[in-house]
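Since the structure of chain A is provided, determine the placement of chain B on it from the hints.
Line order of the protein sequences matches chains A and B.
With our numbering applied, the first sequence corresponds to residues 1 to 115, in that order.
With our numbering applied, the second sequence corresponds to residues 1 to 111, in that order.
Hints were generated in silico from the structure; no laboratory data involved.
Be aware that one or more of the hints could be misleading.
Stated by the list, open to error - Result set (EDC-like, lysine to aspartate or glutamate): computed pairs, CA atoms no more than 20 Å apart in a straight line: (1) A/LYS40 x B/GLU45; (2) B/LYS98 x A/GLU67; (3) B/LYS98 x A/GLU44; (4) B/LYS98 x B/ASP2; (5) A/LYS40 x B/ASP39.
In case you want the letters, here they are:
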Amino acid sequence: ETGVTQTPRHLVMGMTNKKSLKCEQHLGHNAMYWYKQSAKKPLELMFVYSLEERVENNSVPSRFSPECPNSSHLFLHLHTLQPEDSALYLCASSQDRDRRYSPLHFGNGTRLTVT
Amino acid sequence: EDQVTQSPEALRLQEGESSSLNCSYTVSGLRGLFWYRQDPGKGPEFLFTLYSAGEEKEKERLKATLTKKESFLHITAPKPEDSATYLCAVVGDTGFQKLVFGTGTRLLVSP
Numbered sequence: 001e002t003g004v005t006q007t008p009r010h011l012v013m014g015m016t017n018k019k020s021l022k023c024e025q026h027l028g029h030n031a032m033y034w035y036k037q038s039a040k041k042p043l044e045l046m047f048v049y050s051l052e053e054r055v056e057n058n059s060v061p062s063r064f065s066p067e068c069p070n071s072s073h074l075f076l077h078l079h080t081l082q083p084e085d086s087a088l089y090l091c092a093s094s095q096d097r098d099r100r101y102s103p104l105h106f107g108n109g110t111r112l113t114v115t
Numbered sequence: 001e002d003q004v005t006q007s008p009e010a011l012r013l014q015e016g017e018s019s020s021l022n023c024s025y026t027v028s029g030l031r032g033l034f035w036y037r038q039d040p041g042k043g044p045e046f047l048f049t050l051y052s053a054g055e056e057k058e059k060e061r062l063k064a065t066l067t068k069k070e071s072f073l074h075i076t077a078p079k080p081e082d083s084a085t086y087l088c089a090v091v092g093d094t095g096f097q098k099l100v101f102g103t104g105t106r107l108l109v110s111p
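With the rest of the complex left out, here is chain B:
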């Protein structure tokens, strides 16, 4: 059964303090790994798609990387507006259009 585990569950950073969020997964034939950001009271907002090990994607202060077992979301010099819940999801070759989500990491960046 496909599974996603995200850690830590919650993370508090000072503004400018870089860190990484982890997404460990088990899936039969990875077809894609997705990162989303969710603000309170809103739906998830798409950030990145990674399709194969070694792939990296960047957007402003965020950088996502992928290995055969996990993905990292690196946050460089975060700002308070980066505070949100970050969700990871995978889809494998046994579940067309069936993304399996993790429970997310709640990030709080203090000024």
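Bound conformation, chain A alone:
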């Protein structure tokens, strides 16, 4: 496989469930990201893992918990979500060298619906 792969593609969960989104990149990149995309809104950065350092958007609720066991895999653990968390969750990766801004490569996302 090539590129950035996300599973599952679609997820429906109740507000009391716990689920996880998975992302795997096959590009040899050293940084991975979670973005949230809602209708009519700009992409919102949630978390960044770069060279094993985690950077996060302080406005992201604690019901979202990221995990990055190595440079190729990224998870987003979900618990006690709200209906307004329904959105497309995108994973991305990039190759960062000396803080030069390289383009992101995105997966096709997980469409999450919270009922």
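Same frame as chain A, but now just chain B:
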């Protein structure tokens, strides 16, 4: 605060009818401006990076240009397969790896 505004929100063109999409930005110390294409049900696909005013990049029917305040994505003689949402994003010197995206322009090219 870094900000990106894209216009128009939606654009309908006839096949072969050239036009331009606009991305206006305010950012502290521009480090890069990125253009992406997003098809329905898919993630954004990288098109171009521009780093400094005056820079231009081309790919097939697309050409991106950059000034100190805005970027244009020129589409020459578009085809129906160019229909997509085009996203612009910037990163400044105060937000390492923190791209700020616009809301995009939805382009529809009719045969």
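Against the structure, the hints come out as follows:
1. A/LYS40 x B/GLU45: OK: A/LYS40 and B/GLU45 at ~19 Å, within 20 Å.
2. B/LYS98 x A/GLU67: OK: B/LYS98 and A/GLU67 at ~19 Å, within 20 Å.
3. B/LYS98 x A/GLU44: holds, 10 Å
4. B/LYS98 x B/ASP2: holds, 10 Å
5. A/LYS40 x B/ASP39: The hint holds at about 15 Å.
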